[in-house]
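Since the structure of chain E is provided, determine the placement of chain H on it from the hints.
Sequence order for the protein chains is E and H.
Taking this note's numbering as reference, the numbering of the first sequence is continuous, increasing by one, and the terminal residue is 199.
Taking this note's numbering as reference, the numbering of the second sequence is continuous, increasing by one, and the terminal residue is 450.
Hints are supplied without guarantee of correctness; some may be wrong.
[To be verified] Residues from chain E shown here face chain H by an in silico Cβ test under 8 Å; the list is partial:
id	residue
1	Ile3
2	Ser5
3	Arg6
4	Val31
5	Tyr136
6	Gly138
[Said to hold, decoys possible] Taking CB as the label site, the calculated pair distances span:
id	chain 1	residue 1	chain 2	residue 2	range
7	H	Asp285	E	Arg192	26 to 36 Å
8	E	Glu123	H	Arg403	46 to 56 Å
9	H	Ala225	E	His39	51 to 61 Å
10	H	Ala225	E	Leu67	38 to 48 Å
11	E	Asp199	H	Glu222	26 to 36 Å
Source of the hints: derived by calculation from the structure; they are not laboratory data.
Since the model is a prediction, treat every value here as computed from it, not as a measurement.
Backbone N, C-alpha and C fix where the C-beta goes; we use that ideal spot for every residue, glycine too.
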Amino acid sequence: MPIISRGFRGRRPAGDHELPPGQYETFDFPVLSAGPTPHVPLDEWEFTISTESGAEHRWTWADLKALPAETPTVDLHCVTKWSKFETEWQGVSLDVLFEDVESAADFTLVHSYGGYTTNIPLEDLTDGKAWIAYGYDGEPLPPEHGGPARLLVPHLYFWKSAKWVRGIRLQADDEPGFWESAGYHDYGDPWREQRYQGD
Amino acid sequence: MAGAAVPGRLGGRLRWHAAELLERRAESATAATLVFAVPGWPGHLAGQHVDVRLTAEDGYSTQRSYSIASASGGERVELTVQLVADGEVSPYLTDDMMPGDRVEFRGPVGGWFVWRPERPEPVLLVAGGSGIVPLMSMIRTRREAGSRVPFRLVYSVRSPDDRLYARELGRESPGLDVTHVYTRRAPDGRGRPPGRLTPDDLVRHGWPADFEPDCFVCGPTGFVEKAAAYLVLLGHASGKVRTERFGPSGG
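Next comes chain H alone, as it looks inside the complex:
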């Protein structure tokens, strides 16, 4: 594993940076993408996350970690935040915060769950729910880099309404195969009946193990446990299966 987790000077990653909200777009009924301008941001690798600090007027402050959704690089950073109904932070980010308001960013964080465009191996992305976010950064980084590395995304969501990035993922993109696995309700009567991800879904829509793909699995704990175990069962080396848990814990 590389020691240099992130490009750039260490100092830039340890400092808190002011992050101003430029715009917010709804991604689903309960998730929103927030676009921030972060002057001096050292840039990130696809798959990394950021520490976000919020401070109230009386000085009380709290922090959360969020995965970055936008492509690698630049001072414009997008986060997609899933609303946790009784959460402390997510309702502020998804509803109350207005363009011009600011939080602070520190990072980027995480040097393991990352995809670098110079890697030639095919890539399998397995997302459960809002676990799509860091994988979307990989898809966007691939596109922006003009990479021709073949990508497959298997994206498990409850129903068509719960898909994030639906329009962007619905567009034809050479070398990127997108498969949705609906767990509760599928679009009208076609295709796979609704149900949880199975090994067969990964056989049909993933890569054979002897292609030795880089596998990235992100979602809630139960989903990640199962999906990663299926991949190992199908012959993928456990060292090729990188996981990230994405849980609404305290939101």
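With the rest of the complex left out, here is chain E:
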């Protein structure tokens, strides 16, 4: 039996979008991060996928930009409650980057310039579900939103979409990342409201 907040009417979502439980729609683009924004010169930028056997696959900025790009339109759900619908991105599908990677691992630890990490099962990064995104709304991705490039994995809470992404490590075990070590959920499905450890 929920507790009624007397006199609270609220505002029913006006759009035709369905919101995950506990979320509300926002039209601006809030920023969340734990520390200063790292600035990575493009000529020093690189992205790495490393496997459990120690193999490394590397891409420079020019390599990344030379790969076929997609322009996904996706909905974002942040654990701090806001959802933003129909955002337009540009980037490279991780299916392209994983193409030649040999691995038997089930888990990944995504790491970023600045030291941020987040853990994601490998199957949530494949099959058209995730991108390395470098464009937002027709423009280069701004640094405060994770530029030059961030992970985009929109079916999970947005903290999983690591900003300033630097690489993905494939590994046999699930190892909690930055927020996951601080009490946030290891998986983070907004539709099951997996906000915190134990949800």
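Below, chain H without anything else, positioned relative to chain E:
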């Protein structure tokens, strides 16, 4: 980073708790502090926030996150809420809700943007607008713990009327230095001319980087981006600069 983000049993943090409004005080023309009684609340660390759930009579419900303003510990929890004019929730909290009315709390949330009284490092707090709220919890926790850790607060606000906690921050408090940076209008003709926070403000009123202070920056995105970048520019290690964005987004 510590795995144990919050003290107490996990179960207590995952459950929704009834939170009854005891009183509300105006902090400025557009912000109010709400004092809640939350039986069974597991307590919080300075800097954490709480998920608030509101349910209308027809069962519609929505949630927001708010920073906790009161000192660490206890079942009496204070939130300071900035009114967002066309917001869904903040007008209810700042105006319509009456003592005796209830919402639900879950948490506390957030294990990174926290200050613990047992840390000996000096502390620099940099607040923009209503970003002062979680930093105020740190200041109050320091006072309640009898801590002698030196604190400096650099608080950027539009004008003297926009200051939150003006009286409390105006009182002498040994070991706590408070500097206001006014961006639009300063008090009559004295001191620093109005303008946005500069690196020089942080040099004058912060700590030298070689003191290795714990820095906490909270405010709107643009403010946090700049202030955190200035601190790194002044030599503070980025790992010592913890940030929290505080934006009226959908309010």
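### Query
Failing hints, ascending?
Of the numbered hints, 5, 6, 9, 10 do not hold.
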